[in-house]
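Q: Here are the chains, one letter per residue:
2 protein chains.
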Amino acid sequence: MDEIKRTDINELGEFGLIGHLTKDLAIINESTILGVGDDAAIIRNGEHLMLLTTDMLVEGIHFDLMYTPLKHLGYKSVIVNLSDIYAMNGRPEQITVSIALSNRFSVEAIEELYSGIKKACEVYGVDLVGGDTTSSNKGLIISITAIGKVEKDKVVRRSGAKKGDLICVSGDLGASYIGMQLMEREKQLFLSKSIPEFKADFEDQKYIVGRHLLPEARKDIIGFFNQQGIIPTSMIDISDGLSSELFHICKNSGVGAYIEEGNVPIHLETQQMAIKFNMDPITAALSGGEDYELLFTLDPGDVEKIRFQNDIAIIGEIVSKEDGVRLHTTGGNVHPIVAQGWKHFG
Amino acid sequence: MDEIKRTDINELGEFGLIGHLTKDLAIINESTILGVGDDAAIIRNGEHLMLLTTDMLVEGIHFDLMYTPLKHLGYKSVIVNLSDIYAMNGRPEQITVSIALSNRFSVEAIEELYSGIKKACEVYGVDLVGGDTTSSNKGLIISITAIGKVEKDKVVRRSGAKKGDLICVSGDLGASYIGMQLMEREKQLFLSKSIPEFKADFEDQKYIVGRHLLPEARKDIIGFFNQQGIIPTSMIDISDGLSSELFHICKNSGVGAYIEEGNVPIHLETQQMAIKFNMDPITAALSGGEDYELLFTLDPGDVEKIRFQNDIAIIGEIVSKEDGVRLHTTGGNVHPIVAQGWKHFG
Numbered sequence: 001m002d003e004i005k006r007t008d009i010n011e012l013g014e015f016g017l018i019g020h021l022t023k024d025l026a027i028i029n030e031s032t033i034l035g036v037g038d039d040a041a042i043i044r045n046g047e048h049l050m051l052l053t054t055d056m057l058v059e060g061i062h063f064d065l066m067y068t069p070l071k072h073l074g075y076k077s078v079i080v081n082l083s084d085i086y087a088m089n090g091r092p093e094q095i096t097v098s099i100a101l102s103n104r105f106s107v108e109a110i111e112e113l114y115s116g117i118k119k120a121c122e123v124y125g126v127d128l129v130g131g132d133t134t135s136s137n138k139g140l141i142i143s144i145t146a147i148g149k150v151e152k153d154k155v156v157r158r159s160g161a162k163k164g165d166l167i168c169v170s171g172d173l174g175a176s177y178i179g180m181q182l183m184e185r186e187k188q189l190f191l192s193k194s195i196p197e198f199k200a201d202f203e204d205q206k207y208i209v210g211r212h213l214l215p216e217a218r219k220d221i222i223g224f225f226n227q228q229g230i231i232p233t234s235m236i237d238i239s240d241g242l243s244s245e246l247f248h249i250c251k252n253s254g255v256g257a258y259i260e261e262g263n264v265p266i267h268l269e270t271q272q273m274a275i276k277f278n279m280d281p282i283t284a285a286l287s288g289g290e291d292y293e294l295l296f297t298l299d300p301g302d303v304e305k306i307r308f309q310n311d312i313a314i315i316g317e318i319v320s321k322e323d324g325v326r327l328h329t330t331g332g333n334v335h336p337i338v339a340q341g342w343k344h345f346g
Numbered sequence: 001m002d003e004i005k006r007t008d009i010n011e012l013g014e015f016g017l018i019g020h021l022t023k024d025l026a027i028i029n030e031s032t033i034l035g036v037g038d039d040a041a042i043i044r045n046g047e048h049l050m051l052l053t054t055d056m057l058v059e060g061i062h063f064d065l066m067y068t069p070l071k072h073l074g075y076k077s078v079i080v081n082l083s084d085i086y087a088m089n090g091r092p093e094q095i096t097v098s099i100a101l102s103n104r105f106s107v108e109a110i111e112e113l114y115s116g117i118k119k120a121c122e123v124y125g126v127d128l129v130g131g132d133t134t135s136s137n138k139g140l141i142i143s144i145t146a147i148g149k150v151e152k153d154k155v156v157r158r159s160g161a162k163k164g165d166l167i168c169v170s171g172d173l174g175a176s177y178i179g180m181q182l183m184e185r186e187k188q189l190f191l192s193k194s195i196p197e198f199k200a201d202f203e204d205q206k207y208i209v210g211r212h213l214l215p216e217a218r219k220d221i222i223g224f225f226n227q228q229g230i231i232p233t234s235m236i237d238i239s240d241g242l243s244s245e246l247f248h249i250c251k252n253s254g255v256g257a258y259i260e261e262g263n264v265p266i267h268l269e270t271q272q273m274a275i276k277f278n279m280d281p282i283t284a285a286l287s288g289g290e291d292y293e294l295l296f297t298l299d300p301g302d303v304e305k306i307r308f309q310n311d312i313a314i315i316g317e318i319v320s321k322e323d324g325v326r327l328h329t330t331g332g333n334v335h336p337i338v339a340q341g342w343k344h345f346g
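In order, the protein sequences belong to chains A and B.
Per this note's numbering, the first sequence starts with residue 1, numbered consecutively.
Per this note's numbering, the second sequence starts with residue 1, numbered consecutively.
Careful, some of the hints might be misleading.
You can't tell identical chains apart in this list, so a pair holds if it fits in one copy or across any two.
[To be verified] Pairs of lysine-lysine residues, derived as DSSO-like cross-links and limited to a Cα-Cα distance of at most 30 angstroms, are as follows:
| hint | residue 1 | residue 2 |
| --- | --- | --- |
| 1 | Lys71 | Lys23 |
| 2 | Lys162 | Lys5 |
| 3 | Lys5 | Lys71 |
| 4 | Lys276 | Lys219 |
| 5 | Lys119 | Lys5 |
| 6 | Lys152 | Lys276 |
| 7 | Lys206 | Lys163 |
| 8 | Lys163 | Lys5 |
| 9 | Lys152 | Lys138 |
| 10 | Lys138 | Lys23 |
| 11 | Lys5 | Lys193 |
| 12 | Lys187 | Lys149 |
Note that these hints are calculated values from the structure, not bench results.
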């Protein structure tokens with residue numbers, strides 16, 4: 001009998017595993033324009049293009065029900081998918097929601113989860129059109145698929161950045177990660193005592209906690225682009241941290257990037273709490289993730305159009321591939337940036 | 001403080017829970033033609049209609065890796081979704097695959113799973129265009145979404161059956177359920193002994209075991225309809241057993257049904273094994289599930305077109321709602337049929 005080879009999934013990591021499994025995929029149907037490898041797949045849809053994306057959230061890996069209200073979780077589960085549609089410069093229109101849950105959840109608990117899902121649908125103008133509900137042996141798993149639409153000449157991929165383009169980011173970064181760290185710390189404190197109910201007071205950290213528990217997708221930024229006639233040369237949403245997303249754009253576009261640390265937008269509350277945790281705030285921005293902001297590149301000719309948009313920061317410039325992906329620190333040094341996505345297989 | 005109400009999910013069951021959660025869903029987008037409540041959602045897509053369906057399979061609930069090879073599981077996970085697209089008289093074109101898995105799975109194991117997924121894509125001409133891969137604390141969860149296409153005048157829903165229509169079914173029923181029962185029995189026998197490896201011999205039960213482990217979707221029947229110019233008045237795929245699907249058609253169409261037991265196609269191997277299990281074979285066909293055959297209704301004027309199709313059986317007739325859903329047994333009695341879907345929340 002042949003010896004059976006066993007490679008641990010940790011050796012490849014999440015991106016490595018996906019790349020490995022999808023490397024030899026053939027496309028058969030003429031309706032398939034883009035398969036695996038961007039925020040969403042692109043499918044021909046009459047006059048328009050259809051966008052398709054899916055995400056799976058697993059209890060104990062992506063969320064902790066000790067400090068995550070079910071309604072917030074439902075809302076966020078939708079947001080993470082809509083964000084992928086916006087990252088292609090599209091409009092989400094439909095979602096399907098599949099959940100697996102153990103019988104420790106009551107009907108009322110699931111109603112809470114769904115009330116958040118429905119709220120997000122309402123806020124973002126999306127229809128919930130299907131799904132699946134089943135039981136699990138342990139915990140809660142949520143799998144959502146979002147369908148969107150975009151005009152053929154407006155779709156933005158990760159692959160269009162070119163040397164000289166401005167690197168921009170919406171909102172601010174790192175808050176969600178720091179907010180989660182804070183809640184994790186409070187949880188550990190709680191677990192080490194014998195208090196009957198977990199009830200931490202986050203009144204002074206509302207911003208960072210809110211960014212983690214109840215993020216929004218940047219529909220407004222896509223609306224602004226449309227209004228101003230801006231089509232970014234490349235775009236991605238920041239779910240795994242700025243550095244990881246920057247690497248995706250650079251790899252797919254065949255370019256390098258030069259980032260100015262001082263221009264990376266970080267909220268004051270994020271900065272203060274990062275310092276309390278003995279962490280450099282830029283690390284939270286680069287490696288934190290779950291910001292659901294948009295990272296995009298612009299032709300320099302479009303710079304005038306974003307000048308008065310306070311919620312967009314120009315954080316750097318696309319350079320040639322040979323120059324790599326580097327950070328110019330506020331201290332005056334230049335460091336290579338290292339990609340760090342989520343590594344869940346621990 | 002208000003008393004918190006806690007309703008156990010078992011009180012509602014799977015269909016009850018889905019119905020409860022989706023009862024007040026509003027449709028906002030003009031592109032959404034049909035949301036929750038059929039085998040697939042219907043979305044406007046230029047000249048065509050787009051079909052969208054999703055299914056989630058959970059280890060320990062939907063499959064048992066003790067007797068399910070991972071390659072077969074991958075294949076079947078795709079089939080269950082494609083079957084829903086065919087049940088709308090559509091052609092599947094794209095799928096997304098999300099998996100959550102614990103680190104007890106090796107890269108080689110996941111490759112096996114994916115080889116089955118890719119094989120199904122190849123056989124059915126479908127493109128794998130995206131997905132998500134993440135870790136779980138326990139077990140394997142597979143969530144697949146399928147996208148399909150159908151011409152506007154050819155889409156078939158559950159709701160079009162009318163009095164006098166013929167009730168037809170493709171293939172044969174109950175085999176998958178009996179095959180699973182057999183493997184479950186062998187597994188229990190194995191667990192009660194101290195043998196190092198589970199290796200049952202199913203040589204004489206190849207058909208029923210194959211029907212459970214490696215079902216096919218009825219692409220051929222949809223091709224036949226197209227060739228013959230047949231458009232069923234209603235259709236559904238048999239995933240939860242004939243009686244459950246029959247109730248869906250009757251409820252959505254506002255009709256009743258009269259089924260002739262002697263006409264329900266049951267494979268000889270299924271009959272023999274059912275009897276060994278002291279089970280009436282018709283019970284396996286009515287309540288077994290996972291057949292992935294098509295249950296459909298035809299205008300009586302189309303009967304000539306299916307006369308020479310050996311793989312389609314006419315099993316009954318649509319009657320008025322007042323007459324209910326009944327079975328005329330081979331013994332000459334008439335019994336009401338009781339709906340029995342999967343009840344996973346146990």
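Q: All hints, please: hold or fail.
A: Status of the hints after comparison with the structure:
Taking the closest pair of Cα atoms, Lys71 and Lys23 come within 30 angstroms of each other only across two copies (18 angstroms); inside a single copy the shortest separation is 38 angstroms, beyond that limit. Proximity of Lys162 to Lys5 under the C-alpha cut-off of 30 angstroms is found in neither arrangement, the shortest distances being 42 angstroms within a copy and 58 angstroms between copies. For a Cα distance limit of 30 angstroms, the shortest separation of Lys5 from Lys71 across copies, 16 angstroms, qualifies, whereas the shortest one inside one copy, 44 angstroms, does not. In this assembly of identical chains, Lys276 and Lys219 lie within 30 angstroms of each other by CA distance neither inside one copy nor across copies; the values are 33 angstroms within and 61 angstroms between.
In the homo-oligomer, the alpha carbons of Lys119 and Lys5 lie at most 30 angstroms apart only across protomers (22 angstroms), although the nearest pairing inside one protomer, at 48 angstroms, exceeds that limit. Proximity of Lys152 to Lys276 under the C-alpha cut-off of 30 angstroms is found in neither arrangement, the shortest distances being 48 angstroms within a copy and 61 angstroms between copies. When the C-alpha separation of Lys206 and Lys163 is checked against a cutoff of 30 angstroms, the pair qualifies neither within a copy, at 39 angstroms, nor between copies, at 61 angstroms. When the C-alpha separation of Lys163 and Lys5 is checked against a cutoff of 30 angstroms, the pair qualifies neither within a copy, at 44 angstroms, nor between copies, at 60 angstroms.
Taking the shortest alpha-carbon separations for Lys152 and Lys138, neither the intra-copy value of 43 angstroms nor the inter-copy value of 42 angstroms comes in at or below 30 angstroms. In this assembly of identical chains, the alpha carbons of Lys138 and Lys23 lie at most 30 angstroms apart only when taken from different copies (27 angstroms versus 32 angstroms within one copy). Taking identical chains as interchangeable, the C-alpha atoms of Lys5 and Lys193 lie at most 30 angstroms apart only when they sit on different chains, with a minimum of 28 angstroms there against 46 angstroms within one chain. Proximity of Lys187 and Lys149 under a CA criterion of 30 angstroms is satisfied in neither setting, with 41 angstroms inside one chain copy and 49 angstroms between copies.
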